[in-house]
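There are 4 protein chains.
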Amino acid sequence: MYSKTIQKLIDLFSKFPTVGPRTASRFVFYLLRLPKEEVEKLTASISELKNNIKICKSCFNPFDPSPISGQGDELCQICSNPSRDKSLLCIVSNETDLTTIEKTKKYQGLYFILGGTVSALKKTDLEKLRIKELEITIKNRPEIQEIILALNANTEGEATALYLERFLKPFNKKITRLGRGLPVGAELEYADEETLKAAFEGRK
Amino acid sequence: MYSKTIQKLIDLFSKFPTVGPRTASRFVFYLLRLPKEEVEKLTASISELKNNIKICKSCFNPFDPSPISGQGDELCQICSNPSRDKSLLCIVSNETDLTTIEKTKKYQGLYFILGGTVSALKKTDLEKLRIKELEITIKNRPEIQEIILALNANTEGEATALYLERFLKPFNKKITRLGRGLPVGAELEYADEETLKAAFEGRK
Amino acid sequence: MYSKTIQKLIDLFSKFPTVGPRTASRFVFYLLRLPKEEVEKLTASISELKNNIKICKSCFNPFDPSPISGQGDELCQICSNPSRDKSLLCIVSNETDLTTIEKTKKYQGLYFILGGTVSALKKTDLEKLRIKELEITIKNRPEIQEIILALNANTEGEATALYLERFLKPFNKKITRLGRGLPVGAELEYADEETLKAAFEGRK
Amino acid sequence: MYSKTIQKLIDLFSKFPTVGPRTASRFVFYLLRLPKEEVEKLTASISELKNNIKICKSCFNPFDPSPISGQGDELCQICSNPSRDKSLLCIVSNETDLTTIEKTKKYQGLYFILGGTVSALKKTDLEKLRIKELEITIKNRPEIQEIILALNANTEGEATALYLERFLKPFNKKITRLGRGLPVGAELEYADEETLKAAFEGRK
Numbered sequence: 001m002y003s004k005t006i007q008k009l010i011d012l013f014s015k016f017p018t019v020g021p022r023t024a025s026r027f028v029f030y031l032l033r034l035p036k037e038e039v040e041k042l043t044a045s046i047s048e049l050k051n052n053i054k055i056c057k058s059c060f061n062p063f064d065p066s067p068i069s070g071q072g073d074e075l076c077q078i079c080s081n082p083s084r085d086k087s088l089l090c091i092v093s094n095e096t097d098l099t100t101i102e103k104t105k106k107y108q109g110l111y112f113i114l115g116g117t118v119s120a121l122k123k124t125d126l127e128k129l130r131i132k133e134l135e136i137t138i139k140n141r142p143e144i145q146e147i148i149l150a151l152n153a154n155t156e157g158e159a160t161a162l163y164l165e166r167f168l169k170p171f172n173k174k175i176t177r178l179g180r181g182l183p184v185g186a187e188l189e190y191a192d193e194e195t196l197k198a199a200f201e202g203r204k
Numbered sequence: 205m206y207s208k209t210i211q212k213l214i215d216l217f218s219k220f221p222t223v224g225p226r227t228a229s230r231f232v233f234y235l236l237r238l239p240k241e242e243v244e245k246l247t248a249s250i251s252e253l254k255n256n257i258k259i260c261k262s263c264f265n266p267f268d269p270s271p272i273s274g275q276g277d278e279l280c281q282i283c284s285n286p287s288r289d290k291s292l293l294c295i296v297s298n299e300t301d302l303t304t305i306e307k308t309k310k311y312q313g314l315y316f317i318l319g320g321t322v323s324a325l326k327k328t329d330l331e332k333l334r335i336k337e338l339e340i341t342i343k344n345r346p347e348i349q350e351i352i353l354a355l356n357a358n359t360e361g362e363a364t365a366l367y368l369e370r371f372l373k374p375f376n377k378k379i380t381r382l383g384r385g386l387p388v389g390a391e392l393e394y395a396d397e398e399t400l401k402a403a404f405e406g407r408k
Numbered sequence: 409m410y411s412k413t414i415q416k417l418i419d420l421f422s423k424f425p426t427v428g429p430r431t432a433s434r435f436v437f438y439l440l441r442l443p444k445e446e447v448e449k450l451t452a453s454i455s456e457l458k459n460n461i462k463i464c465k466s467c468f469n470p471f472d473p474s475p476i477s478g479q480g481d482e483l484c485q486i487c488s489n490p491s492r493d494k495s496l497l498c499i500v501s502n503e504t505d506l507t508t509i510e511k512t513k514k515y516q517g518l519y520f521i522l523g524g525t526v527s528a529l530k531k532t533d534l535e536k537l538r539i540k541e542l543e544i545t546i547k548n549r550p551e552i553q554e555i556i557l558a559l560n561a562n563t564e565g566e567a568t569a570l571y572l573e574r575f576l577k578p579f580n581k582k583i584t585r586l587g588r589g590l591p592v593g594a595e596l597e598y599a600d601e602e603t604l605k606a607a608f609e610g611r612k
Numbered sequence: 613m614y615s616k617t618i619q620k621l622i623d624l625f626s627k628f629p630t631v632g633p634r635t636a637s638r639f640v641f642y643l644l645r646l647p648k649e650e651v652e653k654l655t656a657s658i659s660e661l662k663n664n665i666k667i668c669k670s671c672f673n674p675f676d677p678s679p680i681s682g683q684g685d686e687l688c689q690i691c692s693n694p695s696r697d698k699s700l701l702c703i704v705s706n707e708t709d710l711t712t713i714e715k716t717k718k719y720q721g722l723y724f725i726l727g728g729t730v731s732a733l734k735k736t737d738l739e740k741l742r743i744k745e746l747e748i749t750i751k752n753r754p755e756i757q758e759i760i761l762a763l764n765a766n767t768e769g770e771a772t773a774l775y776l777e778r779f780l781k782p783f784n785k786k787i788t789r790l791g792r793g794l795p796v797g798a799e800l801e802y803a804d805e806e807t808l809k810a811a812f813e814g815r816k
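Protein chains in written order, with the working numbering: chain A, 1 to 204; chain B, 205 to 408; chain C, 409 to 612; chain D, 613 to 816.
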């Protein structure tokens, strides 16, 4: 239906998370309407992202290396912040989850981005996760006292948490999971049984 | 639009919870199509409800008095069950919440149905709640050790919990609220800040 | 979970259209809270419905017979209204659809309530419809010039319309269906292909 | 919260249609995970779009100029197709609507992309539309017999259609709008009054 050049870009945008062909075509028409210099700003910004951004050696969070501090080349702003609590390591599945937790300003420890979750304990899924890197991190940092598994409360998150608990057992650290219960705004009548059970167990 | 007899019944059904005029009219047409004996079964069943059902003197849950046991006239099946834990009193706002909790089979204590929630601490709202009855219950039952406020996690539930905590303070009982956190199935990315904070606090 | 008398009424309410067990239980608790005289008003109103309401001999719409006019015993207010256009007969599947059309004040002809739709042309489905009565109506009223099939635009409505078109063919009347096209508020981008085709065909 | 380079790209993606900051950040993390050559394919494809794609001189649809036909430089595949019906001109507000209509394979005439709709008849809104270009098109092509206003059935589409009808009146062409009525799958009971009126008017 669309001409070749347009279709090629629609196909590339369709691979973006949450984007289907209809939205992808709206992106293309948006770019076609955009002034040439705005489009160049976008492509430059995308190239810059790949060239400038470094991945933190410690938590694997992407970051802008600070041009001033020499340390900036290795560690992200969180990992190089001396006031963070180094006895806590929070394992998250991706960068967005890290940002979501940071926004609450509640957690003051460090992070480790696992790079995904596993749907079942399939070997191919596990190979995509940073399991080896996690092992090295924990071995190299004896100051870690508690490892928090901050994973989704769905099937994939559960499977991953289970796998990690087994994997982390030999390191003899305290391992915790995020609390379950009623979320803000929830009505008891519509709570599922598991959540309600957790809410009774976690009452205080 | 509708004839008088039909409109009168539509108006009565429209007062039912969650029912609007459109649904109410579908109820009326449903009754019109129903055989006469089915409709009589319904009206008989409604009358029976008002005549047979008693309200439990202890928890205010409606129940069928058992024709055998003499005790059946005063207390519901839960309150008269000797194996329930009498040291726990769970305050719920209505009958549906009690049933929702019973279905989890997790809680083994007794209940008290408050009869509603308060949106703000308005005097008129408070008068609709069974505050006086709650006071008597707690005074008469020194075996109560923990009072669980099992209220909705929304603004009304919070306001009611706050009011009850203040009201119950002089009785020197342990007062708890249901645990907050991620509900089953929740994705961290979409959790609101308050829920996420609670999930971190309640980690285990 | 619920006591016998309550469960019996929940089961009866659960048969109401759009009502599931959860809503049915809310109905029962609503009735339990209602003053006795309000509940009696409801049961009286339901009984009155079955006793008072007549079904129009012509269109099968339920109506209150007028105590004054002698004619009131046979025909509803629409069918006995001399200013309605007797050359038009609009076939609808149920009473609610008739009311929905009347509210537009656009249509001035008469109606015929079919009593349902057929999902496929199953014999058992067809037996529930007033096909025989429709045949008599059309034979007895030579003044009918156009028969409008005002059925849902879904699969069941289509199947029923198809069946009726075939059934009505021998009567040599003009047979029409409601127009297809974009509904008010629709955006072209989200219109399905069939609707868009109809909108092009029906352009004016 | 995010580093500068990441935030800059999030801001640019947030301007894409239907994209908010959350989705924009997912796009950035997706690009960070993508191999460098995949990202380069994307930026090349975006640049190519701005360099290769031409806008059709006749209907303003973007297209790939065919390298073979000399004609390809001026007119899109639809406008240069000799088998299309040149007596029909369909005015659409944007490229996506044109594609949606093409997919139905129902319409065989030509198009004109207006470049937007007007919410009210504000002068600033009108200036964004290709009104001048439309005038020239109609003057230059006396073979046009019918102009179809294929606009959304919402307030903006209506306002634009009204404006165009007035503007096009002096050209003495047949002007039509897409048909209104029940869309495929619609149930009569839930149809709004205007749609139902249109469905009665458009019955056939």
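Treat the hints as calculated values from the structure; they're not laboratory data. A hint or two may mislead.
As the list claims (entries may be wrong) - EDC-like mimics (lysine to aspartate or glutamate), calculated; alpha carbons at most 20 angstroms apart, straight line:
| # | chain 1 | residue 1 | chain 2 | residue 2 |
| --- | --- | --- | --- | --- |
| 1 | A | K174 | B | E405 |
| 2 | A | K50 | D | E650 |
| 3 | B | K309 | A | E38 |
| 4 | B | K208 | C | E482 |
| 5 | D | K717 | C | E482 |
| 6 | A | K8 | D | E799 |
| 7 | A | K105 | B | E306 |
| 8 | C | K582 | C | E566 |
| 9 | B | K408 | A | E40 |
| 10 | C | K412 | B | D396 |
| 11 | D | K666 | A | E38 |
| 12 | D | K653 | A | E194 |
| 13 | B | K309 | A | D73 |
| 14 | C | K577 | C | E554 |
| 15 | A | K15 | D | E650 |
| 16 | C | K511 | D | E799 |
| 17 | D | K616 | A | D192 |
| 18 | B | K307 | A | E194 |
| 19 | B | K310 | A | E193 |
| 20 | D | K809 | C | E609 |
| 21 | C | K458 | B | E244 |
No experiment lies behind these values; they were computed from the predicted model shown.
Hints versus structure:
1. K174/A <-> E405/B: Roughly 15 angstroms separates the two Cα atoms, so the pair holds.
2. K50/A <-> E650/D: holds, 11 angstroms
3. K309/B <-> E38/A: violated, 61 angstroms
4. K208/B <-> E482/C: holds, 17 angstroms
5. K717/D <-> E482/C: Answer violated: K717/D to E482/C is near 52 angstroms, above 20 angstroms.
6. K8/A <-> E799/D: violated, 40 angstroms
7. K105/A <-> E306/B: violated, 37 angstroms
8. K582/C <-> E566/C: holds, 18 angstroms
9. K408/B <-> E40/A: Cα-Cα ~50 angstroms, so violated.
10. K412/C <-> D396/B: The hint is violated at about 42 angstroms.
11. K666/D <-> E38/A: holds, 18 angstroms
12. K653/D <-> E194/A: Violated. K653/D to E194/A sits at ~47 angstroms, over the 20 angstroms cutoff.
13. K309/B <-> D73/A: violated, 55 angstroms
14. K577/C <-> E554/C: holds, 12 angstroms
15. K15/A <-> E650/D: holds, 11 angstroms
16. K511/C <-> E799/D: holds, 16 angstroms
17. K616/D <-> D192/A: Violated - the C-alpha atoms of D192/A and K616/D are around 42 angstroms apart, more than 20 angstroms.
18. K307/B <-> E194/A: Since the Cα atoms of K307/B and E194/A sit roughly 11 angstroms apart, the hinted pair holds (cutoff 20 angstroms).
19. K310/B <-> E193/A: holds, 9 angstroms
20. K809/D <-> E609/C: Cα-Cα ~18 angstroms, so holds.
21. K458/C <-> E244/B: Cα-Cα ~9 angstroms, so holds.
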